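Asker: Given next are the chains, with one letter for each unit.
Protein chains: 4
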Amino acid sequence: MNKKIAFIGLGNLGTPMAKNLIAAGYHLQVYNRTTSKAEELEQASITVCSTPAQAAEGVDFVITILSDDAVVTEIVTGADGILKTMQKGALHISMSTISPQTSEQLLAIHKEAGTSYLAAPVFGRPEAAAAKKLWVCVSGETEAKKSAEDILNAMGQGIIDFGETTGGANVVKLTGNFMIMAALETMAEAYTIAEKNGLDRQQVADFFSSTLFACPIFQNYGKFIAAKNYEPVAFKAKLGYKDARLALALTQKSEVPAPLVSLVNTRLLTQVAKGKGDSSDWIAAFGEGVSEDAGV
Amino acid sequence: MNKKIAFIGLGNLGTPMAKNLIAAGYHLQVYNRTTSKAEELEQASITVCSTPAQAAEGVDFVITILSDDAVVTEIVTGADGILKTMQKGALHISMSTISPQTSEQLLAIHKEAGTSYLAAPVFGRPEAAAAKKLWVCVSGETEAKKSAEDILNAMGQGIIDFGETTGGANVVKLTGNFMIMAALETMAEAYTIAEKNGLDRQQVADFFSSTLFACPIFQNYGKFIAAKNYEPVAFKAKLGYKDARLALALTQKSEVPAPLVSLVNTRLLTQVAKGKGDSSDWIAAFGEGVSEDAGV
Amino acid sequence: MNKKIAFIGLGNLGTPMAKNLIAAGYHLQVYNRTTSKAEELEQASITVCSTPAQAAEGVDFVITILSDDAVVTEIVTGADGILKTMQKGALHISMSTISPQTSEQLLAIHKEAGTSYLAAPVFGRPEAAAAKKLWVCVSGETEAKKSAEDILNAMGQGIIDFGETTGGANVVKLTGNFMIMAALETMAEAYTIAEKNGLDRQQVADFFSSTLFACPIFQNYGKFIAAKNYEPVAFKAKLGYKDARLALALTQKSEVPAPLVSLVNTRLLTQVAKGKGDSSDWIAAFGEGVSEDAGV
Amino acid sequence: MNKKIAFIGLGNLGTPMAKNLIAAGYHLQVYNRTTSKAEELEQASITVCSTPAQAAEGVDFVITILSDDAVVTEIVTGADGILKTMQKGALHISMSTISPQTSEQLLAIHKEAGTSYLAAPVFGRPEAAAAKKLWVCVSGETEAKKSAEDILNAMGQGIIDFGETTGGANVVKLTGNFMIMAALETMAEAYTIAEKNGLDRQQVADFFSSTLFACPIFQNYGKFIAAKNYEPVAFKAKLGYKDARLALALTQKSEVPAPLVSLVNTRLLTQVAKGKGDSSDWIAAFGEGVSEDAGV
Chain A
1 MNKKIAFIGL
11 GNLGTPMAKN
21 LIAAGYHLQV
31 YNRTTSKAEE
41 LEQASITVCS
51 TPAQAAEGVD
61 FVITILSDDA
71 VVTEIVTGAD
81 GILKTMQKGA
91 LHISMSTISP
101 QTSEQLLAIH
111 KEAGTSYLAA
121 PVFGRPEAAA
131 AKKLWVCVSG
141 ETEAKKSAED
151 ILNAMGQGII
161 DFGETTGGAN
171 VVKLTGNFMI
181 MAALETMAEA
191 YTIAEKNGLD
201 RQQVADFFSS
211 TLFACPIFQN
221 YGKFIAAKNY
231 EPVAFKAKLG
241 YKDARLALAL
251 TQKSEVPAPL
261 VSLVNTRLLT
271 QVAKGKGDSS
281 DWIAAFGEGV
291 SEDAGV
Chain B
1 MNKKIAFIGL
11 GNLGTPMAKN
21 LIAAGYHLQV
31 YNRTTSKAEE
41 LEQASITVCS
51 TPAQAAEGVD
61 FVITILSDDA
71 VVTEIVTGAD
81 GILKTMQKGA
91 LHISMSTISP
101 QTSEQLLAIH
111 KEAGTSYLAA
121 PVFGRPEAAA
131 AKKLWVCVSG
141 ETEAKKSAED
151 ILNAMGQGII
161 DFGETTGGAN
171 VVKLTGNFMI
181 MAALETMAEA
191 YTIAEKNGLD
201 RQQVADFFSS
211 TLFACPIFQN
221 YGKFIAAKNY
231 EPVAFKAKLG
241 YKDARLALAL
251 TQKSEVPAPL
261 VSLVNTRLLT
271 QVAKGKGDSS
281 DWIAAFGEGV
291 SEDAGV
Chain C
1 MNKKIAFIGL
11 GNLGTPMAKN
21 LIAAGYHLQV
31 YNRTTSKAEE
41 LEQASITVCS
51 TPAQAAEGVD
61 FVITILSDDA
71 VVTEIVTGAD
81 GILKTMQKGA
91 LHISMSTISP
101 QTSEQLLAIH
111 KEAGTSYLAA
121 PVFGRPEAAA
131 AKKLWVCVSG
141 ETEAKKSAED
151 ILNAMGQGII
161 DFGETTGGAN
171 VVKLTGNFMI
181 MAALETMAEA
191 YTIAEKNGLD
201 RQQVADFFSS
211 TLFACPIFQN
221 YGKFIAAKNY
231 EPVAFKAKLG
241 YKDARLALAL
251 TQKSEVPAPL
261 VSLVNTRLLT
271 QVAKGKGDSS
281 DWIAAFGEGV
291 SEDAGV
Chain D
1 MNKKIAFIGL
11 GNLGTPMAKN
21 LIAAGYHLQV
31 YNRTTSKAEE
41 LEQASITVCS
51 TPAQAAEGVD
61 FVITILSDDA
71 VVTEIVTGAD
81 GILKTMQKGA
91 LHISMSTISP
101 QTSEQLLAIH
111 KEAGTSYLAA
121 PVFGRPEAAA
131 AKKLWVCVSG
141 ETEAKKSAED
151 ILNAMGQGII
161 DFGETTGGAN
171 VVKLTGNFMI
181 MAALETMAEA
191 YTIAEKNGLD
201 RQQVADFFSS
211 TLFACPIFQN
221 YGKFIAAKNY
231 EPVAFKAKLG
241 YKDARLALAL
251 TQKSEVPAPL
261 VSLVNTRLLT
271 QVAKGKGDSS
281 DWIAAFGEGV
291 SEDAGV
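First to last, the sequence lines map onto chains A, B, C and D. The letter at position 294 of the first sequence is residue 294 when you use the working numbering, and the numbering goes up by one with no holes. The letter at position 271 of the second sequence is residue 271 when you use the working numbering, and the numbering goes up by one with no holes. The letter at position 284 of the third sequence is residue 284 when you use the working numbering, and the numbering goes up by one with no holes. The letter at position 104 of the fourth sequence is residue 104 when you use the working numbering, and the numbering goes up by one with no holes.
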């Protein structure tokens, strides 16, 4: 079996994912806009490419894990895009957080080109990616899911199948990111109420995240909010805002009045508008946002 | 040791709590506005009283678990209130969800009367109370906490101490109820987005509540929202709204701008204003509210 | 001078506008998807055309007053679009409520075709259009504004120049529609508070709209809200929602955290999601929305 | 006729109101916490009193124009309150912005004391008070309204009668202040959208406030928001927040889900929580609030 894969996108998530693929024995033809990012990977197991097209040459699978819809579309259809070289029957495993509409469009484009497309967005922070603890949501053609299984298992702790409609997994991903944002707003308000009433943020956070809310999101994100410490920047507020925009667009398109989606969108937009989109983590948009409004 | 306790309030939570005390060997002098509620309890272990004052006679501990601030205050200070008969040094264990301000006032009233007061609100639905799985939050004088320990342990799975300021535990309780409401709004919006985009509410709920949000609130409340089934009415929307009002008042008093507290308050107020305060569970305020707005 | 104009779009606003142009001595080459709409106009003064292209033949000015961005773009660039026949130097006066982005794109398209484009959206309900009381906001090239002046004056009571950036007038129009929505929400909440506190909605509305808020929006829209009477349907909720989406998109694109824009968007989206987008006026989205939530 | 009146409260509004009463020939027995405030008034026409009780001695009318419910109640029922000296049949004209509940309580207290009470809150900024342009809303007993007429006319441009329920005028006043806050939020968001899209705030404000929104609130308040100049501090953010709290409490008590009331309350609470309650005008809470969130 051919264990060569094209891997495009060496960001905070992509890099640990690539490492896990290498650990599983795959050889990666990597492409990243900033080439130096590839230096972190074991050099014997990779071939650094100068264009997406070059990375996609001669492989059965192309993985993309990129920042937004426009970038993914450009990587596929651009002058040096993967469609230029992907062989018939090869599969594009699209792991970025993008809109279901873009996913559907990419499917159509691939079909026309004789290639395949699978939506496979993931849940997990960089440390979860490193620990092979990502959750992978997939949707699309059964065939595609089956053929991608080993590769996806090499990066995550579980694959969840959301059906044959290609955009389905993207909807789940945007919905989940909204739920995380809502949890961040919830904790930021709750712990600030506690603080301003003379309680210890940390004790209150510990209580809730070990009882009623004893789950990864409230525990892992909650510790930053409890401590009012938003370093390091693992997921930029700017990227969080992008997801909030996609979630909001989804509610508009599918006609779901969702005031909480609006609220978390406004919170992230504020962080970005204040010029902190690049310099702060999305958790800070909520934690700092509520604290500043409360004057503490 | 005197194992006689006054127990006031046989509602959905009070009744299973009383049963656990009886199971632990206590004899209860019970008072409830609707006397017939006492019929559920083992008759040999209780003495049914016709006033709070009568219930409080000759005991070291008076437990109240009632619907709101006004009722608790009346039970303490009314013409037939417990202060009329409580013996010097006896302790009032106040387990209702009330405002920290009322708690502080009750403490002052008790101090003047030579009796003691402990704030000990609980987290848990009726089934948790029945299973002795309540979490008990306490705040107040160390002495009072120590003396109440055995009694509280007979009703819950853990006691968490939030310090010496009497209102502290009440703040934690209101904060926690806000967090639950926020989780309900989050799930109601999220699962409706999923539904209107062609996904299965139940599958999406199962995924999130077994991974990122694998915790009691998202699991236990989430199953009602996923199924759009809000029966039976375990906690009336009207009572949920009362808590939302207390939470909102808390943000105003302690000056915490908290748009999500406002949002969940509006959701519950809508349910009440529509005449469904008594006939529906608070979960329905969120689940039905979002579904109706979305036309599904 | 050639007094022949192409006029495209005979909706609730377009029809009275066309009548005023006819009254001012213009001959109109009209196009409307539903041809029968042209029967309302004086037949001697119009030529009914079967395509936009046919309407645009041989004229110096093409007016469009249509429902949304997609329709305007199709009318311009479609297979039977006006670009097919517009003569060099002719001017497209674009009076629909569309996004500034679409306006800029249309300008670029026209420039390439050797034709011109002027953004000229209007404020006013159908009765204002009939009374020649529209306010016309313009932005774009000075030359274009000058040449359109007589035509615009024949339809409105004033032309306001918002500069050379083509999208400027579109921004003003979306901003103004947001302000109207905000006034509707304000009145709906205010008069319902009055009502539920035993006051007369009408008296309260009369007081405010003749003193602090003595202006067209609070007077003309307020009378519907005061009377809880939202007939006839002058501007469909669906179209109001379209404008709310454009306004929301504008805040996202230009990075203005605007919770009130979100709130009014949610109100209109709710009306649409409930299936009342076509059957109710946008005023009803606010008036009925608040009343229903309040149970009155 | 006895033209002596007790006048209590020489704040930003009270002082010009007192001046107008003096101009109309009344002699005022004035009381103010800070005595020096009385120096602004014509000394021959006033008697400076050291307690409310002293001011209320021997007069038929006592006017109060104070900051909040607690202060008004204290002025009436306190150890040196007006009830100590008011003669039977004398009328308390209560012009402060207070809750309808407090108004009803004061009525009951006065009735028991053999004195009368009239709710007569006013609309208008200090400059309107100086120009005798206040709008006076009254509610209560017909007799009381009739006897107060001349006095009220000496301070305002019109008296509007909101019926016999004493709290009615207070509801109207709170509702109106909410409407003003909503207009402030509307303008702040609208003009910031305009600004961030390259338009001139001032031009956009001028357009709207001379056409669709040509009314005092949009004109007088709008000029501050357009210019981003919130000086001088005519009405402190802290007092605006007090009104927003009363309005919010009103929606809770009368069960009107009102998300816009929540939104404006949050805006003012944020200003206060940030420590700007005393140093900034309530207009700034909206104008600065939106600008800061938008990073401009």
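It is possible that part of the hints are untrue.
Any copy, or any two copies together, can satisfy a pair, since identical chains are not distinguished.
Only pairs whose alpha carbons sit at most 25 Å apart, straight line, appear in this in silico PhoX-like list of lysine-lysine [to be verified]: (1) K146 x K196; (2) K132 x K88; (3) K196 x K19; (4) K111 x K133; (5) K238 x K253; (6) K228 x K132; (7) K146 x K223; (8) K196 x K223; (9) K196 x K238; (10) K19 x K223; (11) K276 x K253; (12) K228 x K276; (13) K196 x K145; (14) K3 x K146; (15) K111 x K132; (16) K111 x K238; (17) K133 x K3; (18) K276 x K84; (19) K196 x K3; (20) K238 x K223; (21) K133 x K145; (22) K253 x K228; (23) K146 x K111; (24) K19 x K111; (25) K88 x K196; (26) K253 x K196; (27) K4 x K145; (28) K133 x K196; (29) K276 x K111.
By construction, these hints were calculated from the structure, which means they are not laboratory data. Computed from a predicted model, the values in this text were never measured in an experiment.
Asker: Flag every earlier hint the structure violates by its number, smallest first.
Answerer: Structure breaks hints 1, 2, 3, 4, 6, 7, 10, 15, 16, 18, 19, 24, 25, 28 and 29.
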